[in-house]
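Could you slot chain B onto chain A? The hints should help.
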Amino acid sequence: MTLFTARRKASSNNTSAACGRFICLFVVGAAAAFAQPNYAQTVDVLEQAMRKVTQADARGKVMHQLQAATVALDFGNRPAATALFDEALASISAVYAQTTQAARARSLWYNEGSKDFKGEPYERVMAHYYRGLVDMMSGDYENARASFKSGLMQDAFAEEEQHRADFALMLYLEGWCSLRLGAPALAKEAFDEFSKLRPNVPIPAADHDTLILVETGKAPRKLQDGVGGNKLVYRQGKRFSERAVGVEMLGISMKPFLIESIFWQASTRGGRAIDGIIDGKLQLKSNAEALSTMVADVANNLQPYAPLINRGGGALAGVAAVAGLAALISSNIGTRADSRYWNNLPDAVHAVTITRPPSATDARLSFFDETARPLPALDRNVSLIVDAAGGGLLWSRSRRATDIDVKLGE
Amino acid sequence: MRHITISSHKTGFAAIAVSVLLSACATDQTSRVNNTAGRPTIYEDVKTPSSAAQGIGIESQDIASMTDQMMRDILATPGLADRTPPPRIIVDSAFFTNESSSRLNKNLITDRMRVELTRASRGRLIFVGRHLANMVEAERQLKRDGVTDAGTIGKTKGTAGVDYRLGGRIASLDAAGKSGVVSRYQQITFELLDMENGTIVWSGIYEFKKSAQDDIIYR
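One line per chain: the protein sequences are A and B, in this order.
So for the first sequence, our numbering puts the first residue at 1; every next one is plus one.
So for the second sequence, our numbering puts the first residue at 1001; every next one is plus one.
Just chain A, with the same shape it has in the complex (with noise of 0.2 Å):
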């Protein structure tokens, strides 16, 4: 706390009071999960992704709340994540029904990404996903399935019909959760569609107490693409190879199975809504500018014959001052796409349930690029969470939340 106190002294004077409730929750939760070494590095990554949530105007506020809360589980402080998904999710699972921000997204002046960021169908479904990571940390898992199933509602918006509700991730989340819960006909259900989608993966066994989660990879990247940037395009996320996990816990090797890739469900989704509205912004924008050569042609043609038209200077301004304004009108449609995106989340999920051998309290990963090369640096121990039922989670990632390809908030 003394360090916390000395760099709040240090800091800028916009850090708001409710910066500081955060950071004083990131700070208590990371001395506990970082060794001495590396605290003063933790205290700064912390401060710097509250900074930007405090930063942040309603626009992007959820965004940066969304990714310091990843920041914050991936460096071990469960409350201040908690927290920031909580306020997060308010805003994701709020109705926008006639809001002035969406109003004003949706009008030819405003680029799509002047409305509030509550993310694309896969981020809002990330959303519910980790904070049902978290309560199934508290052992909470019957909120924990609530979120699951939550999310899935989220992936229920697909343009493409085969991809609405295929977020098997939740599927095989809920079904844990049932599982765990001893409600073995509702995890059946969870586990049967599943089953649809990941038929090669193998769904938990009845006596299965433990559940390893592990993510890999970066961020898939959302791009503008098209004229003046007016469509989405999605990118995989750059400067990773890891695409399986090992894990060893007391002498017993397991390969999780791939059972999400985010980047594959966040490119599926097909057409989007707004993507009518802002074609025919584009369209107006496309009008406008040919009005506007055409005038100005006109009246450049005209000039020469202006003495023989009666008053014909007016004229020819009036027609000039039309053109103008064509090509103002033109310049000032908006038609650029949003691509703000939730930059730390991962490229894939991996999981695999197992009966927990008594003595287990850590497990060893390993990474492994598409060949099957070993990637010895991303190797790590990682703690086990059991929870008072006596459930296991293991969860890690492959690299830090800070690792991203672009800077953290941008």
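Just so you know, these hints were derived from the structure itself, not from any lab.
Note that beta-carbon positions come from the ideal geometry of N, C-alpha and C, so glycine has one too.
The hints are all genuine.
Capping the alpha-carbon separation at 20 Å, the derived lysine to aspartate or glutamate pairs in EDC-like fashion look like this: (1) K1210/B - E1059/B; (2) K1047/B - E1116/B; (3) K188/A - D1174/B; (4) K255/A - D209/A; (5) K1157/B - E1139/B; (6) K1210/B - D1062/B; (7) K1106/B - D140/A; (8) K1106/B - D86/A; (9) K1106/B - D1092/B; (10) K188/A - E1099/B; (11) K61/A - D86/A; (12) K61/A - D1214/B; (13) K255/A - D207/A; (14) K1106/B - D1062/B; (15) K238/A - D225/A.
Here chain A is said to cover these stretches of chain B; the calculated rule only asks that three of the stretch's residues, wherever they fall, bring their Cβ under 8 Å from a Cβ of chain A: (16) 1055–1068; (17) 1096–1109; (18) 1204–1214.
What follows is a set of in silico ranges between Cβ atoms, one per label pair, in the way DEER data are often shown: (19) T1156/B - Q48/A: 55 to 61 Å; (20) A1175/B - G226/A: 31 to 37 Å; (21) P199/A - A1175/B: 23 to 29 Å.
What follows is chain B alone, placed relative to chain A:
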């Protein structure tokens, strides 16, 4: 000629004015400042939907309505509130399961129900606080160890056994359409079980369905 010049100027000024207005309207979003005025804290009625944010999950008005309804129903059930001696009942969330897609602290429902029942029944129903059993056991141990005296109630061999206990389930059915309309049907069942025979002596159901459509920019 002079007249023509003035007309051109007027047109030019008009064009500039329009340009300035349009530019003002379309200033780049990153340079705009959100100058929305704040709003002082206000108390809101827990039985009405929130003015700030609404979704399709369980909200305060749902909890208030369902617990009020269940309380009235229990009190009006023959053989419960008119029994002599008054029955002992446990109302807590231990056997109240949430199978729905709404994250919820179940204690919000069972606590309100127990408190309202306790107040309204005026001793016709006796509620056992099994959720605070640890606290009771610790105090009893202090008395039996002689650390404290027996109080004014006196000692009993054991704590109160119960006649009935509340169980129940929260379930939901979600639906989503391509048009962005989402709906959630919530069904909350309450059952009071005879803790000796296992029979259900009272049951109640509360159900509602909410639907909403998010703005097109989020679909």
